[in-house]
Amino acid sequence: MCCSRDAGMAMVNMSIDMAKEKDDSRYYMDSMKLHKLLYLSQWTMLQKYGSRVFKETIRAHKCGPYVDGIEIIPARRGFAPINQPFDPEEDEIVWPSVARVDVMEQILEEYGWKTTEELIRITKNTTPYLEVKDRITAEHKPEITKESMEKDRPLFQAG
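Under our numbering, residues 3 to 161 are what the sequence shown spells out, in order.
Among the clues, some could well be false.
What the hints assert, rightly or not - SDA-like mimics (lysine to any residue), calculated; alpha carbons at most 20 Å apart, straight line:
no.: 1; residue 1: Lys-57; residue 2: Cys-5
no.: 2; residue 1: Lys-148; residue 2: Asn-127
no.: 3; residue 1: Lys-24; residue 2: Glu-107
no.: 4; residue 1: Lys-126; residue 2: Glu-145
no.: 5; residue 1: Lys-64; residue 2: Met-3
no.: 6; residue 1: Lys-116; residue 2: Glu-23
no.: 7; residue 1: Lys-50; residue 2: Glu-107
no.: 8; residue 1: Lys-148; residue 2: Thr-129
The hints are simulated quantities; they were obtained by calculation from the structure and are not laboratory data.
Predicted model, so just to flag it, every value in this text is computed and none were measured.
Using the sequences plus the hints, can you model the full thing?
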């Protein structure tokens, strides 16, 4: 398993490749969109394989799930849609395993074209987020646990 920063940089690079391949700028992502897509990737990986994409914690905020450890990405690329890839050597990316990359590609194919606002709405309606949302305060952002994401249930609730 890799770190969230590595998974995040890999996902950004994959989104840039996908945007170019499909000639569709909707696949470029900003920092907020990255948090949501990494959350969906983590959840999918846990449901499909019983293992995580990355080891860091995911916390519930008022605007949906946030992944700990990816602060370096907006620090290096800003908060606007990212269209400049990370360099694997210069940025010292530990590339995720094939299974993890496959899951992240699946999530990008299915959700990468959606707007940040749509992804916020989608992720805020997931069962693991809904289980902890009432405990969110200005001072406390509860963890969305691995166990909650591993439960055998549909990936998304209707709504």
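Against the 20 Å threshold, does the CA-CA distance of Lys-148 and Asn-127 hold or violate the hint? OK: Lys-148 and Asn-127 at ~17 Å, within 20 Å.
Need the status of pair Lys-24, Glu-107: alpha-carbon distance at most 20 Å? 14 Å, holds
Pairwise hint evaluation, Met-3 against Lys-64, where the allowed Cα distance is 20 Å at most: 28 Å, violated
Under the criterion that the straight-line Cα-Cα distance not exceed 20 Å, is the pair Lys-126, Glu-145 satisfied? 14 Å, holds
Would the hint linking Lys-148 and Thr-129 be met if the CA-CA limit is 20 Å? Roughly 12 Å separates the two Cα atoms, so the pair holds.
What's the verdict on Lys-50 and Glu-107, does the C-alpha distance respect the 20 Å limit or exceed it? 14 Å, holds
Against the 20 Å threshold, does the CA-CA distance of Lys-57 and Cys-5 hold or violate the hint? 6 Å, holds
Are the Cα positions of Lys-116 and Glu-23 separated by 20 Å at most? 17 Å, holds
The structure fails hint 5 only (numbered hints given earlier).
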